[in-house]
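**Student:** I would like the entire structure built from these sequences, with the hints used as guidance.
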Amino acid sequence: MIIQNIFFWVLALAMVGAAIGVVRSQNVVHAALYLVVVMAGAAAQFILLGAEFVAWVQVIIYIGAVIILFLFGIMLTRAPMRGETSLDNDQRFPAAIVSLFLAGVLGTLLVQAFGKKEVVISGAKGEQLLHVGKAATLADSIFTTYVVPFEIVSLLLLAALVGAVVMARRD
Amino acid sequence: MLEYAWIIPAIPVLSFVVILFFGKKMPKGGSEIGIFAVGTSFMLACITAVQWFQRVENASGKSGGAALSAFGKGLFARAGEGGVIVQPVVSTVRWFQMGGVTVSIGTRIDGLAVMMLFVVTLISLLVHIYSTAYLHDDVRFTYYYAALSLFTASMLTLVVASNTLQLLVGWELVGLCSFMLIGHWWEEQANTNAALKAFLTTRTGDVGLMIGVIITFFAANQSFDIGKVNASALAGLNGHTIWLVGASCLLIGIIGKSGQFPLHTWLPDAMAGPTPVSALIHAATMVVAGVYLGARVYGVFWQGFSIHSGGLNAMAIVGGITILIGAALAFVQDDIKKVLAYSTISQLGYMVMALGVGSWVGAVFHLFTHAFFKALLFLGAGSVAHSGSHHSFDMKKDMGGLRKYMPVTFITFMIGSIALAGIFPLAGFWSKDEILATAGQNGFELFTVVGLIGALMTAAYMTRCVYLTFFGEYRGHHHPKESPKAITIPLIVLAGFSVIAGFANASLFDIEKFKQYIEPTVAFPKNIFGVDFDIGLAALSVGIALTAIGIAAAFWIERKELKGLKGLTERSSVLKAGHTFLVNKYYLDYLYTDVIVGGIKGPIARASYWVNMNIIDGVINGVGKGATVIGRVVYRDIDQLVVDGAVNGIARETDQAGGLLRPLQSGRVQRYALMLFAAVGLIALALAIFG
Amino acid sequence: MILNQFLILAAILFCIGVYGVLARRNGVLVLMSVELMLNAVNINLIAFSAYLRSSAGDVFALFVITIAAAEVGVGLAIVLLIYRNLHSPDLDRVEQLKG
Amino acid sequence: MNWFDDWALTLAIFLPALGLGIVLMLPKAEEQLAKVVALGTSLVTLAVGIGILAEFDYGKAGRLQFNVDEPWIKVINAHYHLGLDGISLPMLILSMFITVLCIIYSWNHFPEPHNVKGFLALILLLEVGMNGTFLAEDLILFFIFFEIVLLPMFFMIGVWGGPNREYASIKFFLFTLFGSALMLLGFLALFFLQGSFQIPTLAALGDGNLAETTRLLIFGGLFLGFAIKVPMFPFHTWLPDAHTEAPTVGSVLLAAILLKLGTYGFIRIAIPILPHAARIWAPWIGLLAVIGIIYGAFCCLAQTDMKRLIAFSSVSHMGFVMLGIATLTSFGINAAIFGMVAHGLITGMLFFIGGSVQHTFGTREMGRLGGLLKQAPKMGWILGFCAMASLGLPGLAGFWGEFPAVLSAYQPSHGLSTDAFRTFMVIAAVGTVLAAGYLLWMYQRVAFGEPKPEFANAHIHDVTTVEWIAWTPILLMIVALGVYPDIIFSLTNDGATHIANLVKAVGG
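As they're listed, the protein sequences go chains A, B, C and D. Its first residue numbered 181, the first sequence is counted upward by one per residue in the working numbering. Its first residue numbered 743, the second sequence is counted upward by one per residue in the working numbering. Its first residue numbered 9, the third sequence is counted upward by one per residue in the working numbering. Its first residue numbered 1067, the fourth sequence is counted upward by one per residue in the working numbering.
FYI, nobody ran anything at the bench for these hints, they're computed from the structure. Among the clues, some could well be false.
[Unchecked claim] List of simulated lysine-lysine pairs, DSS-like, C-alpha gap at most 25 Å: (1) B:K1146 with B:K970; (2) B:K766 with D:K1440; (3) B:K770 with D:K1444; (4) D:K1440 with B:K770; (5) B:K1268 with B:K1146; (6) B:K970 with B:K1268.
Values in this document were obtained by computation on a predicted structure and should not be read as measured data.
**Tutor:** The following block contains the structure:
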């Protein structure tokens, strides 16, 4: 338990730091790299929570695909690499206030709502108690209960693909 | 034919459609269709009338009273002469069903209906023929005939109606036709104003009719049927008050349609239409629809106004006032049609008064005779305008001395005038006398006096009118000649009727055909007044009329000799004031046009529009604007508090935006998103606190 | 481990994402911030899934990842379009709707 | 024909959607094809409607027929429940009928910015929403269709509208959206308290088991949603703006069908489901209705714009419909449905003419018009005919909406204040005079007199062939309904009596 907690806090700190990096960095490519850190951290958190399959999907899709996409985007839009012009707009201050306020509200509510409820993942002897994150369990769920949404998501992806092509095409 | 009377109005309906769509292609522009259709209707109406007379004869012949009396017991049947009950012939089909009430459409043929069928179709036929000449060159000849057909159809529908709802339908449709025909020459503003005025004024009265029909519907335990309404009214079903209210409302309808005081002002203006239309609609048929309504549902008035108890009642008072004011106004008109129009108002006053004093037969009889001589007078005036004065109706400027040029018109016009003045033995004498006698013998002495004064005035203004038109020197600038045959023949026919019509009910000679054939025997007041011929009264009224003619003739013809009287109105300030008052039609028109209509159209309408735009809409817009203002203020203050000194962007942006009005709608997605998230946070907080 | 530590981490990440969405001018960076928010949501989903012992959360996390990929694709296409039309990826130039 | 019984209503709703799909897939340049497809779809839909007319069991007009009831969203127990009775039948046919005529009228009258494809697609989408609303027997389904209607109309005004279109369309949208939000709240409250979204179930349940305040509040929510749509005074201010700015076809559909969604909602949902509350609300609804009658009429008198005048006249006429509904009697509800159909035909027709006048003269300012009868006599006659029908001339359709409504106010449902309603009756009757006033006044200025100098030498088109095709059916219907009102009354009577009895049963 303690080890897991330690892992958690280390990862959490890294993620928060990297996240702040994403939104504060004055270099676009750096921001993208910070994002990699956050995503990898999130994947690690998933493993902590016993969801291995999702964790690997996270790594493959986010770190593997999405980040590449972002890099392409940065390249294609010739985003300024160094602080030639500010990457931020003029509402930084109100934005900070709003997000802090939101964080406060959310935090308070969460503490009120869930207090000290435990997440039990492994038993006293370290044996795995949780099976919900296993690939087999997930596959069962996806292809039985959630098969219709699954198909719809596939359609959505197709639509997004076509849409992105149509929009980005020069004509 | 009695069961198939629906054919009579159906034929003109058909002819209306045919003329409207094919009339222009016909060699005579559709007039032949109209004449043929109305002619057929007239024939059928005659057949219906004869069959009805036979029915009455059969009833009295067979019965000896006993059997049929028993049959009619409990139906509020009145035993006629010899106790004969003649049921009206009612044939109906289902029209619609709603809320547990089945409303039928159909015909109710009885004496009153056949009399009206005869009058309407006859006069309509004559007017159709007359118009072929009178409107020969008119631009909208075909549409004119279509409208005439529609009018005839509507009036006949009204006449044969078996229930009050159907009556209301016909009633409104004749109003429409009146509108169409008054506004026939719609290029001129004055004509269209007159048309609008006629429609709106009668429609004001129609509110009364509509409510009256509704009240009688409920008072008769949810029935529109005329027989049931009358029977329920006479039985006093659901209490007396409801019938009083119902009768008052119906009276308002009559006032509007039949040009009674104080809604009479549209009728003279309606003379803007072609003259044959004035004859047909505004003298002989449509305007008597009000009187017809009164006669049709007489039970309601009898019960509502407690006519049997004598004294005063609203109906008689309205009629009485109308007689006097109509006649008085007729004196000061220079336009021959206006004289006749005011005379019509006055004569309609007689009819309404007759109903009010319990002289049902008198009212209906006067309606009958008046239709002939007033149509005659109007058509005569039209003939004068057509051939004598070149489409002018101004007696003082363009007429005078026409008797030499237009002998047929002159003679027939004279007959009409004498009949109107009520000189023995022409039609007007008999009917007017019937009314006066009934009033005198049944506790309405006041109205006898009013009637006599009215007779005096009638005789006088008609003398003036005839004198100005036909005597003296010709004052126009054209070449007067006699009118063509299509015009004179209807005049001659009508003159014939004006002479003989009175003998239909000449009580002096014990001819009481109206009492025998026309007066209903079912659902009719049992104790309606009988009347004896009052020879003294008759002599008095004729005497008065003759005196009036004499004085008036002296006044107008012998003006030169009576210098003392000449210019009297100019010299005496009191008389002058009176004259001005009359010329201005009691200023009622000003009240209506300027104060009421102007008020509604102008200030009130504008005010409510203003209220709409500024207050109601303003509140809505105000809420929106207020919200924006609040949002703006809040935003600006918070913005400045937060941003002041920290970020100078806002100020720059505000400047860019060109004012303080627009920071909220920056058009920038992120600005919106900022507000969105702030709002989400606030709502979440609110939910957390209050939830 | 208590549930809340995951949830609060997610909340913090989410709010940082919000800040980024609000304060970043560059379209690509805004999209990245959106990804941050989506990741936070995923953490929530997985945490609840473990807490409630139901695989629904995991399944939805997968859907979210898929949709996030689609969203980035379309979003970048839009940014590209903006860049092509306005010669800059900056979102505050997109203000045609200004009132 | 069992197959037809099961599928007729679904076809009636979704055939236009199919046509919409096809139209959208056509290339933009193929305007002619898009027109043909749209017209074909609407005609086929109308054919389904005629099939329904033929299959309808007139002996049981008071009951729901052609029922379709499938579970839809299980979690909230919402059903795909369609049904048709004598009350919805005339409205459904009217909606199909007017859509066809609108497409015909549009044939060469497409307003700027042309875009035939988009315009036709919106008309078809509107038809989906309208037909669906009249057939839905489930509150959620009803709500969805009710809202679907909003969108195409918003775009129609916002894109094809007049100079002030943005303001008008947003006002229209926000107003109605506000109303429907409260209406949805009412629906949800009903669901949570009564456990169903099914209209027949809820109607059978009544509101006897609800607390007084609760049912009044729920009715209030529904009232706002429907009253804004009707629109009743004082929620009417969106209407003149929307009508003035909307393209002709938009105005016609708005006046002919969309306004009826509100009144239909009262008859179908608010009153049968909440009879107790309806009794309490009725006098106030009646009051607002008569204020609307008089107020709308006064506003008409102040107008100089022909279309705006017709728009305000709608406020006045819908006042009669609402007065009929407020009496909660069989007479009143019958009159209301008749009034809805009649107003749909007549005002729709008036808007058609208004559009054509604008098309030919380029203005709707009555001060600049005049002598229409001289330059375009046929159009002048049709305008006169419609004005007469609109002012409630007996023998034409308008009368049967007006007169029975006034009649019903004499004797409202047992227990309602007779004095109040009789006062309303008199005021409403006075409203008929004002109606005659403003309509004839408009007619005088537009049609009578000589043409104004600026148009004296203009070449003015009289009614075109396309217009004849689109208008003749409406004109014939106006006459047919006016002469033989039983066409509608025989359909509506059973249903209306049933509703009136529901209310009477709970009355004290």
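**Student:** None of the hints should be skipped; say for each whether it holds.
**Tutor:** Evaluation of the provided hints:
1. For the suggested pair K1146 of chain B and K970 of chain B, the alpha carbons sit about 57 Å apart, so the restraint of at most 25 Å is broken.
2. Of the pairs offered as hints, the one joining K766 of chain B and K1440 of chain D holds, with about 17 Å between alpha carbons and a cut-off of 25 Å not exceeded.
3. Restraint check for K770 of chain B and K1444 of chain D: the C-alpha separation of about 22 Å stays at or below 25 Å, so the hint holds.
4. Between K1440 of chain D and K770 of chain B the alpha-carbon distance is near 22 Å, which keeps this suggested pair within the 25 Å criterion.
5. Proposed proximity of K1268 of chain B and K1146 of chain B is contradicted: the alpha carbons are some 54 Å apart, above 25 Å.
6. Note on K970 of chain B and K1268 of chain B: the hinted pairing holds, with a Cα-Cα distance of about 16 Å set against a maximum of 25 Å.
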